[in-house]
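*Asks:* Each residue of the sequence shown is one higher than the last, beginning at 1 in UniProt numbering.
Just so you know, these hints were derived from the structure itself, not from any lab.
Heads up, a few of these hints could be off.
With a straight-line cut-off of 16 Å between C-alpha atoms, the simulated EDC-like cross-links for lysine to aspartate or glutamate are [claimed, not checked]:
no., residue 1, residue 2
1, K120, D162
2, K141, E179
3, K120, D232
4, K191, E218
5, K191, D224
6, K6, E221
7, K6, E220
8, K6, E171
9, K191, E171
10, K191, D148
11, K6, D162
12, K191, E221
13, K215, D107
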Amino acid sequence: MFEHVKALVFDVFGTVVDWREGIAREAGPFLARLGRADIDAHAFADAWRARYQPAMEEIRSGRRGFTRLDTLHRENLEQVLQAHGIAPAQIGEAALDELNHAWHRLDPWPEAVAGLTRLKRRFIIAPLSNGNIALMTNMAKRAGIPWDAILGAEVAQAYKPDPPAYLRTAEVLGIRPAELCLVAAHNGDLKAARAAGLATAFVPRPAEHGPGQRKDLEAEEAWDVVARDFQDLAHRLGV
1 MFEHVKALVF
11 DVFGTVVDWR
21 EGIAREAGPF
31 LARLGRADID
41 AHAFADAWRA
51 RYQPAMEEIR
61 SGRRGFTRLD
71 TLHRENLEQV
81 LQAHGIAPAQ
91 IGEAALDELN
101 HAWHRLDPWP
111 EAVAGLTRLK
121 RRFIIAPLSN
131 GNIALMTNMA
141 KRAGIPWDAI
151 LGAEVAQAYK
161 PDPPAYLRTA
171 EVLGIRPAEL
181 CLVAAHNGDL
191 KAARAAGLAT
201 AFVPRPAEHG
211 PGQRKDLEAE
221 EAWDVVARDF
231 QDLAHRLGV
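Could you put together the complete structure from these sequences and hints?
*Replies:* Rendered as structure tokens:
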């Protein structure tokens with residue numbers, strides 16, 4: 001079926017970049033400066049990420065209008081700090097913004113950029129992320145991620161796994177849903193993409209949630225392609 005696929009779009013947090021290590025790397029010194037070295041940086045990253053889906057669900061449910069992820073991340077950061085007995089108002093806007101923008105400075109998985117560069121030879125490649133345009137652009141610029149376009153929630157005005165997130169992305173690219181393939185390390189994301197008519201490719205990232213990861217270690221359905229990593233994906237797609 002991949003002879004009909006014209007574009008590959010990628011989940012980003014966890015699939016392209018290692019969000020947990022990147023956030024922990026910056027949270028550790030931030031917490032130390034506050035005199036809170038007692039808070040584990042990886043646990044802090046996990047707690048921050050845990051508020052990601054509930055924040056987006058407020059928008060998916062219609063209880064809140066579309067709000068870009070940078071804003072949701074900032075609100076979630078303040079909530080996590082408060083949960084640890086830290087008053088955000090005492091930290092200052094500049095320091096809070098700097099840590100919030102750690103999401104813009106995440107590192108790709110080791111083979112990701114090289115694999116994307118290969119895939120780009122044959123396919124249009126773009127993020128289909130819940131991240132906003134500035135976040136995705138800054139991340140790509142810093143890390144050398146070779147996107148052809150920056151797409152995702154802010155373009156579609158919808159957060160995955162809502163169908164419009166996938167369908168409007170295909171529409172923006174001027175192609176049919178069947179000509180678009182989502183590449184993701186998350187079975188749930190792929191399930192929603194398949195329901196919207198997209199092709200699917202699973203690439204596991206068994207370290208996304210650290211050494212205790214229990215989910216998304218393997219393909220849970222017969223996705224169109226299952227690959228070890230992006231280099232293997234390029235090989236399997238004949239690039």
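*Asks:* Would you mind marking each hint as holding or not holding in the structure?
*Replies:* Hints and how they fare:
1. K120 with D162: Violated, because 27 Å separates the two Cα atoms, which is more than 16 Å.
2. K141 with E179: Violated, because 27 Å separates the two Cα atoms, which is more than 16 Å.
3. K120 with D232: 14 Å, holds
4. K191 with E218: At roughly 14 Å apart (the allowed maximum being 16 Å), E218 and K191 satisfy the hint.
5. K191 with D224: With a Cα-Cα distance of about 11 Å, the restraint between K191 and D224 holds, given a limit of 16 Å.
6. K6 with E221: Not OK: K6 and E221 at ~23 Å, beyond 16 Å, violated.
7. K6 with E220: 25 Å, violated
8. K6 with E171: 13 Å, holds
9. K191 with E171: 20 Å, violated
10. K191 with D148: With a Cα-Cα distance of about 25 Å, the restraint between K191 and D148 is violated, given a limit of 16 Å.
11. K6 with D162: Given pair K6, D162 is violated - Cα atoms ~22 Å apart, limit 16 Å.
12. K191 with E221: 8 Å, holds
13. K215 with D107: Given that 16 Å is the threshold and the Cα spacing comes to 22 Å, the pair is violated.
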